[in-house]
Amino acid sequence: MTMFRTGLAALAGLMLAAGTAGAMEPKKGGTLVGVWQLEPHTLYSARGGGSAPLLINTKILEKLVRQKSASEFLPELATSWTVSDDFKTYTFNLVDTTWHDGKPFTAADVKYTLEDVLKKLSSNAVFKKIEKVETPDAHTAVVSFAVPSPEYLVLASFGASQSSIIPKHVYDGTDIAKNPANNAPVGTGPFKFKEWARGSHVELVRNESYWDTGKPYLAKLIYRFIRDPGARAAAIEAGEVALAVSNPFPPPEIQRLGKLDSLAVDSRGYETAKWQMVMEINNRNPILANKKVRQAIATAIDKKFIAETIFYGFASPATGPVPAEQTGFYTADVPSYAYDPAAAKKLLDDAGYPAKDGGKRFTIKLVASPWFAENPKTAQYIKQSLEDVGIGIDLETPDRAGTIKQIYFNYDFDITVSNAVASADPLIGTTHWYTTDGIRKGAAFRNASGYSNPELDKVVAAAAVETDPAKRKELLAKFQQIAMEEVPILHLVDINMANVVSKKVHNYSFTSQWMYDSWKDLWVE
Amino acid sequence: MNRTLLAVRRRLWQAIPIVLGIVVINFLLLNMAPGDLVDVMAAEEQINDPDVLAKLRADYGLDQLLHVQLALYVKNVVTLDLGWSYRHGQPVWDVIVERLPATLILMLTAMALALIIGVLAGVVASWKVNTLADNLISIVAIVFFAAPSFWIGLMMIVLFSVKLGWLPVSGMTTIGTDYGVFGVLWDVVRHLIMPALALGLFYAAIYARVMRASMLEVYGFDFIRTARAKGLSESRVAFKHVLRNALLPVLTLLGLQLGTMLAGSVVIESVFSWPGIGTLVFEAVLTRNFPLVMGVLLFGSILVVIANLAVDLIYMRLDPRIELR
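These protein sequences, in sequence, are chains A and B. Residue 20 is where the first sequence starts when you use this note's numbering, and the numbers rise one by one after that. Residue 211 is where the second sequence starts when you use this note's numbering, and the numbers rise one by one after that.
With the rest of the complex left out, here is chain A (with noise of 0.2 Å):
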C-alpha cells in the first residue's frame, strides 16, 4: 500500500478553512507583540527545553510537516512523503528554499537533524528507531526505520514542537547543547531571529524569502516576559500586548477580559497538546501497591468539583490518560470512578484499612507541585476529601526544583499533583507515564509511581509496531482500560487551555497545536 498527499490539495483545505473564519482579506505588515510568563534561558534546545523556547523557535525553525488536527498533517519542509507497503520506509520530498543566513536547505539538514540530534537526544522513542536516512538528491530524505512503524505516529513526531529541522552547517561538529546558535537561531521559517534583549523581550521579523510565497503577514513579531500575572492583564489590557497564549491569567481574570469589547478569548488549539492534572500513585508504598486503596482514592475525589471550582470551569474531569480530543485514540469505554465517599471507605474497609480509633485508617504524603497556581489548590482540596474518607495528609508544597527533586528523583511522596501532556499520540507523551521501560530514576515526568505490569507493557510495545490504524486504536483503547483499571497514576483534569487575543488579530488557533506552529498565517488589522 502506498499512500500519497500532495500538499496543494491540504493547502487549498486550509485556505478554505481560513476564509470562512475570516472573511476579512488578511493585510500585509505591522507588528504583534504577545506575552509570556517567563523568560526561557536558550531559544533553542536540542532536547525541547520547555514551552518558552518552543514557543519562539518554532516561528523560526520548521518541522517536515504540520500537525493540523487530531487526525491531518499539512506539509512544512516537505512538501509531500511516501510510505513504503512495509511501513519501514518513509519518503519526504523537500522543499526548495534556503537558510536564513543564504546557505541552501538540504536533505542533508535533514539526515543530520533526525541521526545526529533527534535519535541521540529526543525522548520520544519513534527516533530511537531510526536506522538510517539516505539521501538520494538534495531535495530527498529516505528515512528508514529498524521496525513497521505507524504512519500517524511517525508523522506526529516529525511534526511534533521539538522536532524542528536545524541547520548542519551551523550545527555539525560542535557541542550541541552550547553552540551560540542556540540564542540566535537560524532556520527556514517564516520569521528571522533579531534581538534578544534579555530580561525584556524577543524580536523576530519577517523572512523576505520565505518560501511559502506571500507569507508571513506580520513584519515584526516581538515577545514580552511579564512574570507577573496582574501585569500580564494589565498588558493585555491596556493594549500593550495584543496576544497571551495557554492560560496566561489566572482564570477568573481570563473570564473579566473576555468580557472586554476589544479582546476575545479561545480555547481552540490544544487539541493535541492537551494539558492533564495528574495524581502520581507511588507504588512502592505497600499500602499504595493495593489496587483497591488506588481506586478508593479515584472514588473519593470529585473531579467535578476541582474543574468547576478550582479551574472555574477552565478544565473537564478526565477519564483516562487519553484525553477526548485525541479522537484517533480515546476511548469512554473504561472503568470509571464516580465520585461516592461511602464507596470509597468501603473499598478501603475491603482492602483491609479499617477506621482507627479517631477515624484514620493511615496517613500518606502528598506532594504537590507549583508551576500551575491551580495546583496547590488542588492539593488543598484533596487532602481535605482524602482525610474524609479517613486517609491522613501530609500536604507538602516545595518549590519548583525541589519538586522535581522530591517526586523524581528521590521518590518521596505517596501521591502528587503534578502535570502531563497529552501530544498527538499516546506513545508521544503518554504510556511512558505506565510503562516499566518508562521508570528513569532522575528523568522528570515519565513513571514515577513505579508501577509495572507485564501486560500493559505488551499492550504498548505493540501499539508502536501496529501500523494498521484499527487495530491499533484496539490496543490504545486496551491500554486505557488497564490504566483505569489499576489506576497506578489517577487523571483528575484536562485543562481546557485558552488565548486571549486582540480582536485586531486574525488567523489564530485553528491548528491542533497552534501554539508551537509557525504562525505564518497570522495578521493583524
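Hint data in this document are derived by calculation from the structure and do not stem from the laboratory. Just so you know, even glycine gets a beta-carbon here, dropped at the ideal spot from N, CA and C. One thing to keep in mind: the hints can contain errors.
As the list claims (entries may be wrong) - Lysine-lysine pairs mimicking BS3-like chemistry, simulated, CA-CA at most 30 Å apart:
id, chain 1, residue 1, chain 2, residue 2
1, B, LYS285, A, LYS197
2, A, LYS239, B, LYS373
3, B, LYS265, A, LYS460
4, A, LYS139, B, LYS265
5, A, LYS148, B, LYS265
6, A, LYS365, A, LYS384
Said to hold, decoys possible - Chain B stretches covered by chain A per the calculated footprint, using a threshold of three residues with CB under 8 Å from any CB of chain A:
id, region
7, 288–301
8, 308–322
9, 367–373
10, 480–487
11, 496–503
What the hints assert, rightly or not - In silico negatives: residues of chain B with every beta carbon more than 12 Å from chain A:
id, residue
12, VAL218
13, TRP337
14, ALA356
15, ASP432
16, ARG435
17, SER511
18, ASP529
Given chain A, work out where chain B should sit, using these hints.
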C-alpha cells in the same frame, strides 16, 4: 583630610573579611535548598539518561564534596572569577554587569524620590505640627508604610496605565520603536516613574515619620534658641540649623536600607518587568543557578559596604564633630 583617606582605606580593608564571610554563609545557605541545577535542567530538557545526568553534575562540579566546592568557589571569587551561568551560556560577571545598570537606575531614582518626598513631608509636618496638614501627612505615610509595594505597583498600573493610559504598563523601553537619543531618554523616564515610586514610597513614609520626629527634637535644643535670639529668620533656622542636624538619623536609615531596597527591587522588578538583577536573581533561585545567585549577593554586599562608607562621609560633612575611624 589625610586622616580621612587613611580611615577610608582602613574601612575598605576591613570590608574584605566581611564580604568573604558573606560569601561563605551564602554558599552554605544556598546549598541547603533541595534540588540542584541539574535537577531543574533534567526536567526542562527531558533528560532521562542517568549517565548524562551524572556527566552534567561532573561538568558543573556538583559531584564534589561540599567543602571542596566551597574552597574552589572562594578561591575563584578572590581572583574575581564569579563562575559560569549555564542558563545564559555566559560568565556570571557578564550577566550581572549587563543587568546591573537597570537596577541601579531604579534603586537610585527610588532612593532619591524617597529622600526628597520623605524629607519634605517631614519638614512640612514639623512646621505645621498637630495641624490638619501634619495629620494628613501622617495618615498617608502610614498607608504607604503598611501597604505592600507590589500591591501599590499593581494599583498604579491599573489607574495610570489601564484606566487613564498616561504611562506604559511595564518594561524599561517601548519595544520595536526608535525615538532617537532624547526620545529614548524620555521613554525610559516614562517607564521609570511608576516602579521608582512603588519602590520608593515605602521608604519615603519612613523618612517622613523619622524626619518629623527628628526636626521636632532639634527645634527644642538650646542652640536653636540661640540662633533665633541672634535674629535669624525662621526659614534660615529651619534649613541651616534644624534640617542639617535632623538629617542625621535619616541618613543612618538610608545606609542601612540600601540592602533591603535591593530586596524590594526584586519584587518591583517582577511586577514591572524591569530588566534588572532583581528578576535575574529571582529566576536564578528558582532554577538553582547558584553561581549567579551568589554573584548577585556578592555585588549586593559590596554595594551595602560602599553605601555605608559613603553615608559616614556625608555625616562628617553635615556634622564636623563626627570623625571617621
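Status of each hint after checking the structure:
1. LYS285(B) <-> LYS197(A): holds, 26 Å
2. LYS239(A) <-> LYS373(B): holds, 28 Å
3. LYS265(B) <-> LYS460(A): OK: LYS265(B) and LYS460(A) at ~15 Å, within 30 Å.
4. LYS139(A) <-> LYS265(B): holds, 16 Å
5. LYS148(A) <-> LYS265(B): Roughly 25 Å between the alpha carbons, so the hint for LYS148(A) and LYS265(B) holds.
6. LYS365(A) <-> LYS384(A): holds, 22 Å
7. 288–301: Coverage by chain A holds here, the residue count being 3 at a Cβ distance below 8 Å.
8. 308–322: holds (count 3)
9. 367–373: holds (count 4)
10. 480–487: holds (count 7)
11. 496–503: holds (count 3)
12. VAL218: Answer for VAL218(B): holds, closest chain A Cβ roughly 34 Å.
13. TRP337: holds, 39 Å
14. ALA356: The assertion about ALA356(B) holds, with a minimum of 19 Å to chain A.
15. ASP432: Non-interface label on ASP432(B) holds, nearest chain A Cβ at 53 Å vs cutoff 12 Å.
16. ARG435: It holds; ARG435(B) is separated from chain A by about 53 Å at its closest Cβ, greater than 12 Å.
17. SER511: Per Cβ check, SER511(B) is outside 12 Å of chain A; nearest 22 Å; holds.
18. ASP529: holds, 41 Å
The structure agrees with every numbered hint stated previously.
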